[in-house]
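The listed protein sequences derive, respectively, from chains Z and U. Heads up: the first sequence at position 90 corresponds to 90 in our numbering, and the numbers run straight through without jumps. Heads up: the second sequence at position 464 corresponds to 464 in our numbering, and the numbers run straight through without jumps.
The set of hints was computed from the structure by calculation and includes no laboratory data. Predicted model, so just to flag it, every value in this text is computed and none were measured.
Partial chain U-side listing against chain Z, Cβ under 10 Å, derived:
| # | residue |
| --- | --- |
| 1 | 472 |
| 2 | 619 |
| 3 | 620 |
| 4 | 621 |
| 5 | 622 |
| 6 | 623 |
| 7 | 626 |
| 8 | 632 |
Don't be surprised by glycine CBs; every beta carbon is placed ideally from N, CA and C.
One-letter residues, chain by chain:
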Amino acid sequence: MLRVEHLTKVYETGTVALKDVSFTVEEGEFLVIIGLSGSGKSTLLRSINRLIEPTEGRIVWNDIDITALDEAGLRRVRRKIGFVFQEFNLVDRLSVLTNVLAGRLGYTNPWWSLLYYFPPEDHRRALEALEQVGLADRAHHRGSELSGGQKQRVGIARALVQNPEMLLADEPVASLDPVLAHSIMGYLERLNQERGITILCSLHYLDLVQRYATRVIGLREGRLVYEGTREDIRHMTDAEFKQIYGEEAQRLGG
Amino acid sequence: MPKGAKQWLSAGLSLVVPGLGQAAAGALQRGVTILATVVVLAGLTVFTAAQRARFPEEAYGLAALVLARLLLAALALIGVVYGLLRAAVLRRLPRPEDPLQARLVNAGFVGLLVLVFSLAGPTLVRWALTGEDASRTLYTTVLLIMAALLAALWWWNVRDARAVAAARAAQAPSPGWDGFIALVLLGTLVLGTRIVGIDLPKAIREYRETGRILGDIIWPWRAAFDYEATELRATALVQAPCPPGESGPPVNQPKAGEPWVVVTPTCGDLSVRDTKGKLQYGTLLHIRGGGFVPGKVVKIKWENPIGNAFTPRGLGPTEIEVGPDGTFESQLYIPDVVIPSFAQGPQIHKLHAVQPGALKFTGQLSREMKLALQAMLESVMIGLMATVVGMVWALPLSFLAARNLMFSLRTSPQGLVGGVLGLALGAAVGWWLAARLGQAVGGLERAPITVAVVFFTLVLGGALLGFRWFSRALDRAAAHLPGWANAAIRYAGFAAIGAALGWPLGLGYAHGILGIAWDPAEVAAAAPGLARLGAGLGALAFLYLAHRWGNEHPVPIGKLIYTATRTVLNVVRSIEPLIWGLVGVIWVGLGPFAGFIALTIHTIAALGKLYSEAIESIRPGPIEAIQSTGANRLQTIMFAVLPQVLPHFTAFSLYRWDINVRMSTVIGLVGGGGIGFLLIQWIRQVQYEHAGLAVWLIAITVSTLDFVSASIRKRLV
Numbered sequence: 001m002l003r004v005e006h007l008t009k010v011y012e013t014g015t016v017a018l019k020d021v022s023f024t025v026e027e028g029e030f031l032v033i034i035g036l037s038g039s040g041k042s043t044l045l046r047s048i049n050r051l052i053e054p055t056e057g058r059i060v061w062n063d064i065d066i067t068a069l070d071e072a073g074l075r076r077v078r079r080k081i082g083f084v085f086q087e088f089n090l091v092d093r094l095s096v097l098t099n100v101l102a103g104r105l106g107y108t109n110p111w112w113s114l115l116y117y118f119p120p121e122d123h124r125r126a127l128e129a130l131e132q133v134g135l136a137d138r139a140h141h142r143g144s145e146l147s148g149g150q151k152q153r154v155g156i157a158r159a160l161v162q163n164p165e166m167l168l169a170d171e172p173v174a175s176l177d178p179v180l181a182h183s184i185m186g187y188l189e190r191l192n193q194e195r196g197i198t199i200l201c202s203l204h205y206l207d208l209v210q211r212y213a214t215r216v217i218g219l220r221e222g223r224l225v226y227e228g229t230r231e232d233i234r235h236m237t238d239a240e241f242k243q244i245y246g247e248e249a250q251r252l253g254g
Numbered sequence: 001m002p003k004g005a006k007q008w009l010s011a012g013l014s015l016v017v018p019g020l021g022q023a024a025a026g027a028l029q030r031g032v033t034i035l036a037t038v039v040v041l042a043g044l045t046v047f048t049a050a051q052r053a054r055f056p057e058e059a060y061g062l063a064a065l066v067l068a069r070l071l072l073a074a075l076a077l078i079g080v081v082y083g084l085l086r087a088a089v090l091r092r093l094p095r096p097e098d099p100l101q102a103r104l105v106n107a108g109f110v111g112l113l114v115l116v117f118s119l120a121g122p123t124l125v126r127w128a129l130t131g132e133d134a135s136r137t138l139y140t141t142v143l144l145i146m147a148a149l150l151a152a153l154w155w156w157n158v159r160d161a162r163a164v165a166a167a168r169a170a171q172a173p174s175p176g177w178d179g180f181i182a183l184v185l186l187g188t189l190v191l192g193t194r195i196v197g198i199d200l201p202k203a204i205r206e207y208r209e210t211g212r213i214l215g216d217i218i219w220p221w222r223a224a225f226d227y228e229a230t231e232l233r234a235t236a237l238v239q240a241p242c243p244p245g246e247s248g249p250p251v252n253q254p255k256a257g258e259p260w261v262v263v264t265p266t267c268g269d270l271s272v273r274d275t276k277g278k279l280q281y282g283t284l285l286h287i288r289g290g291g292f293v294p295g296k297v298v299k300i301k302w303e304n305p306i307g308n309a310f311t312p313r314g315l316g317p318t319e320i321e322v323g324p325d326g327t328f329e330s331q332l333y334i335p336d337v338v339i340p341s342f343a344q345g346p347q348i349h350k351l352h353a354v355q356p357g358a359l360k361f362t363g364q365l366s367r368e369m370k371l372a373l374q375a376m377l378e379s380v381m382i383g384l385m386a387t388v389v390g391m392v393w394a395l396p397l398s399f400l401a402a403r404n405l406m407f408s409l410r411t412s413p414q415g416l417v418g419g420v421l422g423l424a425l426g427a428a429v430g431w432w433l434a435a436r437l438g439q440a441v442g443g444l445e446r447a448p449i450t451v452a453v454v455f456f457t458l459v460l461g462g463a464l465l466g467f468r469w470f471s472r473a474l475d476r477a478a479a480h481l482p483g484w485a486n487a488a489i490r491y492a493g494f495a496a497i498g499a500a501l502g503w504p505l506g507l508g509y510a511h512g513i514l515g516i517a518w519d520p521a522e523v524a525a526a527a528p529g530l531a532r533l534g535a536g537l538g539a540l541a542f543l544y545l546a547h548r549w550g551n552e553h554p555v556p557i558g559k560l561i562y563t564a565t566r567t568v569l570n571v572v573r574s575i576e577p578l579i580w581g582l583v584g585v586i587w588v589g590l591g592p593f594a595g596f597i598a599l600t601i602h603t604i605a606a607l608g609k610l611y612s613e614a615i616e617s618i619r620p621g622p623i624e625a626i627q628s629t630g631a632n633r634l635q636t637i638m639f640a641v642l643p644q645v646l647p648h649f650t651a652f653s654l655y656r657w658d659i660n661v662r663m664s665t666v667i668g669l670v671g672g673g674g675i676g677f678l679l680i681q682w683i684r685q686v687q688y689e690h691a692g693l694a695v696w697l698i699a700i701t702v703s704t705l706d707f708v709s710a711s712i713r714k715r716l717v
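Please put together the full structure from these sequences, using the hints given.
Here it is as structure tokens:
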């Protein structure tokens, strides 16, 4: 169970990205975070594994206070939390396989990494993960040679070899076309349902939210302004919609 | 106060003191700039006047002076007309997108014109003044221009004060700087031309005389090879001085089928140069020769008794044309050879009649060419070695100088205290160990490299490990200690750090600053007290910091390291390799090693900066991605940073090699080995052909490397 308590993030420039955000995520949930660009979704996700240091508040996961961890502790927690990025963030000059293997870095002795060495067991896991996302034949290509959708599948494979208990996904499909978007979301859904991995995912499109989320929270200007289930999204009122997306926002299609 | 009075007040203030009106109107920075500029320009005008006074009065015809002034006036008129025309055109055009840009373009055009004008102006004046040296008149002209500019600037300043006051009153943006920029530019360029001494007529005049030398340099390839000289030579013996009763060596007899020369008499007196340097002729020799090639020149050379041959000057013809039958006749006074008083026996000189024949190409490289090739290889190697060693050192430094990697590094105040403590402890332990180990391997005299490496590794390693362990340990402990304990650590540690920094500062102040004026004994007496004072002040300053920061304030330690590294790199880089070359020569003596040291030092700094900028420009995404897998700092660098920067690193290194080879060709000028050493030697010996060879080799090598490295780089990035 993940508990976010009174989370606040103020950047050095003075921008308040998050303000007193609190919510809870049960194990096995598929939580979707919605909100406009700049509403604090990315900051929230990055605060959970402390890619961004929160200014105030606590994040407690399975009774571990992530915000209080030292370097070694953070390393142990991070390797159990996968992260999937909007821009995929593959290392273009490394092979697809090495990119996936990088997911095992949290388990590897850092001195081995000086030689780019991974144990055979990790190679097996990486190939298996690539097979699951259907890219086993691309293992020895460079990351830069893949298309956008393929890159994101590698990104998921990288998160998979971490053997994660939770997966954070920051707008994983925003850079992809709608068909690819459903394919990528499908992978996430399978992980959620078959392996019971808790998923926190920020999304833009409400149709995707209705299709995949088990629960939804909405952010606006760094504040939590909405909390609901998949059902609630279907019956979202105009007032609720405007609360999340602002007064000028128009709902399309209904 | 009536409307507009403020503007006139501003204008009046600026009339008295330039910039004061602007400042009074609220544009303080503008006023200061104007005042500073006017002061500088006035100073330069006074300087010009002083320069002018150094030259004697010149008497030029009124006509020439008038002509010169008219020429300048015409030029100035062209500039003014052009400026007016452009302003008119600009006014007609539809308003440009960016008025600032349009103004800059305009200023650029006027500046270009001013440049041409100021370059051509003094030259034309000189041309008008009969081409003689006319320094005083020239300076008069420059002085007049400067004074006019000063007046114009003053006038502009008064107008500007009014405009600024008006703009402020209307809350409009301040007026532009166009006039100011144009005036200052004009003054700078006119003065610059004089100070640099740009002198077109001289360049043109001198070129004719330089042409031959330039030819040697431009096409020196005859000097690259050896030639066999086939020459006809005949020799006659002459005794001088001629003691009484002696008749000298026997007279030569002409022989058929080979060159011959007959000199009579074979015994005579030397010419003598008296104390006033006037030559008193000795015996006149009659010279006949034959068996030479008709129609070509025979050269007469004299060889003294100790074997030095020379061409006698002012004693008779030394180049005689051979007649159609192969014979020639001439006369020569015996030259003024100094015979030392202790010389014994008859002094026999030789007279050579030499007819140079055709040179035969041997296909062998000349000695100089071989030397130049060797030196060129040396230069390339200096450049290569400096690049490789520089890369090795620049790599770790570049990580410390990369903003994106360092700025996120923070520690608690306790961590900082622990780190500094660990740094000192680690270095001390390393030093102690290294001293033991160094003794064991035989000390600095017997094993200098081993000892240096041991010291370097142990001290640096100890310091780093100490820093890491202690900063971590205290950082971790801080989370569990009660607040008062943390505060105690913080205050005590910060005070110690401040004292440790202040102590050497105090000593430095005593020896470095007071030592300039004080007697060494006085300095030595005052130094300990000042060191204690420095330590005390440092401790106080850091105590205040500890108080202000509190227990929770993270210390931006990465930022500190970044700033320190960058500063050192920038200072080292701003000193040219030639100057480092001087340091190298003082350090290890003349030769390629000195050049290598110079280039290496500069390369470390330059590559360190280039590398760190490559690191700063990488995509941050992959770093986040690798970090979020639980990778530590080392792993993040290996997997997210290095793959992204390696191609850039390689490209920069190749580029640097390119620069280093070019630099190594000139590092020899200061004694750093390589081809520059030969080049400067040959130039000083007036061997322009050989110097030309060196220049050609440099050009060929550098452009080849340039091409090669450019094509590799293109493939990499």
